[in-house]
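Protein chains: 2
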Amino acid sequence: MKEGPVIASVAALLGDPARANILTTLMDGRALTVSELAEAAGVTLQTASGHLAKLDAANLLVAEKQGRHRYFRLSGPDVAQVLEALMGLAQRTGATRVRTGPKDAALRSARVCYDHLAGERGVALLRGARQQGLIDGEKDLALTEKGRAFFADFGIDLAALGKSRRPVCRACLDWSERHSHLGGALGAAILSEMIDKKWVRRAAGRVLTFTCEGVEGFEAAFTSIQNTSSQAA
Amino acid sequence: MKEGPVIASVAALLGDPARANILTTLMDGRALTVSELAEAAGVTLQTASGHLAKLDAANLLVAEKQGRHRYFRLSGPDVAQVLEALMGLAQRTGATRVRTGPKDAALRSARVCYDHLAGERGVALLRGARQQGLIDGEKDLALTEKGRAFFADFGIDLAALGKSRRPVCRACLDWSERHSHLGGALGAAILSEMIDKKWVRRAAGRVLTFTCEGVEGFEAAFTSIQNTSSQAA
DNA sequence: TTCATACTTCGATCATAGCCGAAGCATCGA
DNA sequence: TCGATGCTTCGGCTATGATCGAAGTATGAA
Numbered sequence: 002m003k004e005g006p007v008i009a010s011v012a013a014l015l016g017d018p019a020r021a022n023i024l025t026t027l028m029d030g031r032a033l034t035v036s037e038l039a040e041a042a043g044v045t046l047q048t049a050s051g052h053l054a055k056l057d058a059a060n061l062l063v064a065e066k067q068g069r070h071r072y073f074r075l076s077g078p079d080v081a082q083v084l085e086a087l088m089g090l091a092q093r094t095g096a097t098r099v100r101t102g103p104k105d106a107a108l109r110s111a112r113v114c115y116d117h118l119a120g121e122r123g124v125a126l127l128r129g130a131r132q133q134g135l136i137d138g139e140k141d142l143a144l145t146e147k148g149r150a151f152f153a154d155f156g157i158d159l160a161a162l163g164k165s166r167r168p169v170c171r172a173c174l175d176w177s178e179r180h181s182h183l184g185g186a187l188g189a190a191i192l193s194e195m196i197d198k199k200w201v202r203r204a205a206g207r208v209l210t211f212t213c214e215g216v217e218g219f220e221a222a223f224t225s226i227q228n229t230s231s232q233a234a
Numbered sequence: 002m003k004e005g006p007v008i009a010s011v012a013a014l015l016g017d018p019a020r021a022n023i024l025t026t027l028m029d030g031r032a033l034t035v036s037e038l039a040e041a042a043g044v045t046l047q048t049a050s051g052h053l054a055k056l057d058a059a060n061l062l063v064a065e066k067q068g069r070h071r072y073f074r075l076s077g078p079d080v081a082q083v084l085e086a087l088m089g090l091a092q093r094t095g096a097t098r099v100r101t102g103p104k105d106a107a108l109r110s111a112r113v114c115y116d117h118l119a120g121e122r123g124v125a126l127l128r129g130a131r132q133q134g135l136i137d138g139e140k141d142l143a144l145t146e147k148g149r150a151f152f153a154d155f156g157i158d159l160a161a162l163g164k165s166r167r168p169v170c171r172a173c174l175d176w177s178e179r180h181s182h183l184g185g186a187l188g189a190a191i192l193s194e195m196i197d198k199k200w201v202r203r204a205a206g207r208v209l210t211f212t213c214e215g216v217e218g219f220e221a222a223f224t225s226i227q228n229t230s231s232q233a234a
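If you read the sequences in order, they're chains Y and R. Final position of the first sequence in my numbering is 234; the numbers increase by one with none missing. Final position of the second sequence in my numbering is 234; the numbers increase by one with none missing.
Calculated from the structure, these hints are not laboratory results. Keep in mind that a hint or two might mislead.
A pair counts as met if it fits within one copy or between any two copies, since identical chains are not told apart.
Cross-link-like lysine to any residue pairs, in silico, SDA-like; alpha carbons within 25 Å at most [as the list claims (entries may be wrong)]: (1) Lys-66 with Gly-95; (2) Lys-199 with Leu-162; (3) Lys-55 with Gly-95; (4) Lys-55 with Arg-93; (5) Lys-66 with Arg-93; (6) Lys-55 with Asp-17; (7) Lys-66 with Thr-94.
Please take these sequences and the hints and turn them into a complete structure.
Structure below.
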């Protein structure tokens with residue numbers, strides 16, 4: 002932190018792969034524990050702890066102690082905004098790898114974003130849920146009455162979701178698509194339920210593969226625009 | 002450049018003090034030689050050469066050879082935008098030095114952001130243009146019919162702007178103010194016209210100084226709320 | 001109290017990359 | 001052709017900092 006321009010110290014913090022992983026993991030606004038972030042970044046607990054201390058000291062993150070856990074989240078939307086701008090720049094300047102292998106295509110189609118569905122399918126889910134009036138709001142999402150009924154039918158214990166500290170609905174910006182998908186406790190519960198229903202399987206890494214009936218069920222439930230009731234009954 | 006998120010490689014480039022110095026020096030949109038940038042960054046020629054090669058390889062800069070000189074400039078306005086966003090974040094999180102010198106005050110008042118007006122004046126311009134109904138929209142800005150007439154009167158060739166690939170209007174977040182100012186092709190054309198009109202002079206670095214008539218003209222044109230026509234005729 | 005979990009701190013290792021001196025190209029002017 | 005200027009490349013030095021094992025601290029559970 003010599004006399005150089007102020008941006009260098011901040012940018013250097015974002016420039017380490019482990020820290021960048023941590024920050025992008027937190028981009029949906031949730032608060033995660035040190036261990037969860039260590040796993041997400043692919044480093045050991047003590048390494049992550051060091052990184053988090055630095056990010057905290059720089060006020061990019063805020064910590065919240067709860068029992069023996071320490072939850073970290075981004076200190077504000079401006080942090081996420083800078084990260085997003087950097088992603089855009091990285092894409093425009095071609096820092097993204099050229100060869101778009103089959104794995105990348107699979108990743109774009111459907112993947113896990115921490116614990117909920119992301120990628121094309123994730124974006125489609127939220128768009129469909131909005132069109133059917135299950136979820137309301139642009140940035141701050143909320144379940145409608147109709148949505149409560151629908152997801153209860155779908156097999157989700159809404160009462161349990163309400164009890165956790167975690168927000169039920171959360172808009173999470175998708176890096177491959179340019180729209181939001183559904184995060185939060187509900188997003189996690191939906192993915193979990195979809196796995197139980199054998200609609201989708203976790204493949205290597207973050208990739209998710211839909212089964213045949215999974216595609217059918219998913220499209221009937223979420224991406225059908227015409228009839229907005231009478232599903233999943 | 003391991004498998005980490007794409008932002009890390011870009012951010013790491015911005016994270017070195019010498020490179021950050023180079024980039025912020027180029028933020029006014031000019032093209033400078035290797036030696037000039039080496040001096041600005043406070044490193045030797047060969048060190049600067051290495052940094053510039055990296056920035057060039059990452060497409061953050063573009064090089065232009067002219068005789069035995071090599072001129073570098075930012076590869077686009079989006080680079081400047083990211084740098085501004087980083088400055089804002091650095092300031093908000095307290096990475097900025099405490100002492101706010103007189104030069105900083107001048108910078109806050111009016112400066113060049115890549116090729117358009119930024120600082121208090123820049124924010125005032127966009128705010129005024131919005132209030133007068135010259136420009137519409139919150140995030141995605143657009144010229145209104147009234148705006149077209151106004152800026153044509155002001156001396157700007159709107160047809161020429163439309164021809165370039167660059168967006169005509171662009172909201173660009175200001176790091177010193179907390180509001181947007183006007184970027185894009187129109188923003189650049191306005192600044193250029195204001196310099197032609199001798200409303201404003203480029204001082205050292207990115208600082209812009211308004212002349213007396215410049216202040217008058219500017220306030221009459223943009224920051225007057227009451228009468229929304231009959232300017233710049 | 002005792003153990004387990006979650007996290008932090010310490011210490012040592014190691015790789016990366018910034019830095020500059022020296023030498024090598026390339027272009028310009030004479 | 002020759003030297004001067006602008007820039008690049010090479011090689012070696014050095015500092016920084018990322019990493020993890022091991023040990024230490026705090027909280028919760030039994």
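Hint check results:
In this homomeric assembly, Lys-66 and Gly-95 come within 25 Å of each other (Cα to Cα) only across copies, at 23 Å, whereas the closest approach inside a single copy is 40 Å. Proximity of Lys-199 and Leu-162 under a CA criterion of 25 Å is satisfied intra-copy only: 22 Å inside one chain copy versus 54 Å between copies. For the identical chains of this complex, Lys-55 and Gly-95 are inter-copy neighbours only, at 14 Å across copies versus 29 Å inside a copy, given an alpha-carbon limit of 25 Å. Proximity of Lys-55 to Arg-93 under the C-alpha cut-off of 25 Å is restricted to the inter-copy arrangement: shortest distance 16 Å between copies versus 29 Å within a copy.
In this assembly of identical chains, the alpha carbons of Lys-66 and Arg-93 lie at most 25 Å apart only when taken from different copies (23 Å versus 39 Å within one copy). For the identical chains of this complex, Lys-55 and Asp-17 are neighbours both inside a copy (12 Å) and across copies (17 Å), given an alpha-carbon limit of 25 Å. Within a single copy, Lys-66 and Thr-94 get their C-alpha atoms only as close as 40 Å, which misses the 25 Å cut-off; across copies the closest is 21 Å, which meets it.
Consistency note: the structure conflicts with none of the earlier hints.
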